[in-house]
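Hey, can you work out the whole structure from these sequences and the hints?
Number of protein chains: 2
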Amino acid sequence: MRKEELITMAHGTGGRMTQQLIDKVFGTRFSNPILDRMNDAAILPVGGGRLAFSIDGHVVSPLFFPGGDIGKIAIFGTVNDLAMMGARPLWLVASFIIEEGLPMETLRKIADSMAEAVKQTGVQLVGGDTKVVEKEKGDGVYVSVAGVGIVPEGRNIDASNAQPRDVLIVSAPIGNHGITIMTLREGLKFDVEITSDAAPLNGIVEDLLKAAPHVHVMRDASRGGLATVLNELSSASGVGIEIDEDTVPVEEPVERACALLGLDPLYVANEGVFVAVVPPEEADAALQAMRVHPLSKKAVKIGEVVESHPERVVLRTALGAQRIVGPLSGDLLPRIC
Amino acid sequence: MRKEELITMAHGTGGRMTQQLIDKVFGTRFSNPILDRMNDAAILPVGGGRLAFSIDGHVVSPLFFPGGDIGKIAIFGTVNDLAMMGARPLWLVASFIIEEGLPMETLRKIADSMAEAVKQTGVQLVGGDTKVVEKEKGDGVYVSVAGVGIVPEGRNIDASNAQPRDVLIVSAPIGNHGITIMTLREGLKFDVEITSDAAPLNGIVEDLLKAAPHVHVMRDASRGGLATVLNELSSASGVGIEIDEDTVPVEEPVERACALLGLDPLYVANEGVFVAVVPPEEADAALQAMRVHPLSKKAVKIGEVVESHPERVVLRTALGAQRIVGPLSGDLLPRIC
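Which chain is which? The protein sequence lines are A and B, in order.
First residue of the first sequence: 196, per our numbering; consecutive thereafter.
First residue of the second sequence: 196, per our numbering; consecutive thereafter.
I should point out that these hints are in silico values taken from the structure, not numbers from a laboratory.
These numbers come from a predicted model, not from an experiment.
Careful: at least some of the hints might be erroneous.
Derived pair list, reagent style BS3-like, types lysine-lysine, alpha-carbon separation capped at 25 Å [as the list claims (entries may be wrong)]:
1) B/K314 to A/K330
2) A/K314 to B/K332
3) B/K330 to A/K332
4) B/K492 to A/K219
5) A/K304 to B/K332
6) A/K330 to B/K332
7) A/K314 to A/K332
8) B/K314 to B/K496
9) A/K219 to B/K314
10) A/K219 to B/K219
11) A/K304 to B/K405
12) A/K330 to B/K492
Listed below in structure tokens is the structure:
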């Protein structure tokens, strides 16, 4: 008898197995031209214009961590998904699944934080739903947030738009969010506290697109980390990607924590870092515009799109060697967002 | 010391305590003119037109039941919320929170059912997200679905629009969904199997609004049942509501099951039943149009909106007595949807 296939924690990490789950269970059954593009947000034709529409669930554990909490990343997560498609995020709705016995005070703190995040991003929360499940059928609270935004005319951002010679820019040092959660869960202490990079990206995106209106692709490097996102882009566009190891920004405390935990920062989740794929003639303007913004002042070029090795991401090491960087596999980082 | 306030199962039933939770924790923090209307879906101004936008989480237990499953009611639930605002539902996104160890086959069956429901309602699923939580931090799978629809010009449906003399029409017999779940959970068997009323309402709504274009309010009588929904409407519109007990349609097996379980069918959840508040001059046309449709062929007038006793719902019994019918209180019906 065939062993029964079960859902494992590895199906939730945002890497290879998540992709397989989505492809096999959902992609085949719901296939349509909008869904099949597999962008961060769906682009919908409405009254001559275009809307972006997206949803993200959040199950991060613990609920509160240095630099953020589940409410904050739930708001930023959906705002960022919309911004990554060049949309101006406008309206959000939230679904709460609450575990019986959660202190009301905890829920209030999360709602406070969400309200602040809503204000910070300039959107409105226009609807919601709450459900309660029995003790040990949940874990405090899970939050799913869906959002709608408007894509201004002239913008054309799509995961499949990357072209050879495009420049890859990463907006900020990577790994802070994931490492914050992992060190907290492992009970580790460092001399320098690491805090989540949780941040809204819609402001930066507006500044970036003003300076570099032909940006081809943007994607936030959340679950699965930078490496997984670059693999998704190279697949969607059918191009190769090459990055230089020594240009990928990783702050020193994160680097040390990664070494201690046996993690590669390329696979660690971020909540306020994105990759922009920019035509070479606009790359300098893009970098300059991003560096003005406090949330992306360390933006840096990390590599480029190439014609060779399509659908492969290659890392050039400091010593001149090259190695293929695949998407995240295994279940190293459960419930990171 | 003050006793710490905790979330209880009663906060999840859709009745009085759910309303208090929403008002106190969310209503105050996120107040804006769109949210404050507290409709089934938010109405958004986009490019000269209007969009409807809504989200609903589903945590029903068990996942499968006669007449439906969690996937089906998750699709219908959001489609119906949009339809209740007079919108034509177009696009959905879904967030899955899956418990480790769930058989992949179960997820496939749910996805099959959702795909069928998507087809049946004529919408497209355009995006989604999956998360996995550890065993005993979930219960199989929870599904939140958000949806966007377009409100055609000329329609003006709002919970606050009910006016004295308006006629109340209920689209179908009540209580079937809730009783299906409760009898299944209690392990009860009846000679006639009761099945959930889970059904999409967008088709009926189009036919209804063609015949009666000035319908004032529509609302599906889901969690909290017909009584709770009527209370919400009477509050939102600042009017009284009177209904006749012997006109409220309840099928005989549901009536018997309710008696056995000590439940009042007025408070039992439905997943394919709605109330329409129709100006008197269009009431006959509305009823006729609804009765043509297979899902509302038993549509019936159950009462009317009155000027007296504002924000109160009064039931006139067969014997000529009157009693006030409040919203659902207590925690009789947990995880019904």
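Kindly indicate which numbered hints from before are broken by the structure, ordering the numbers from low to high.
1, 2, 4, 7, 8, 10, 11 and 12
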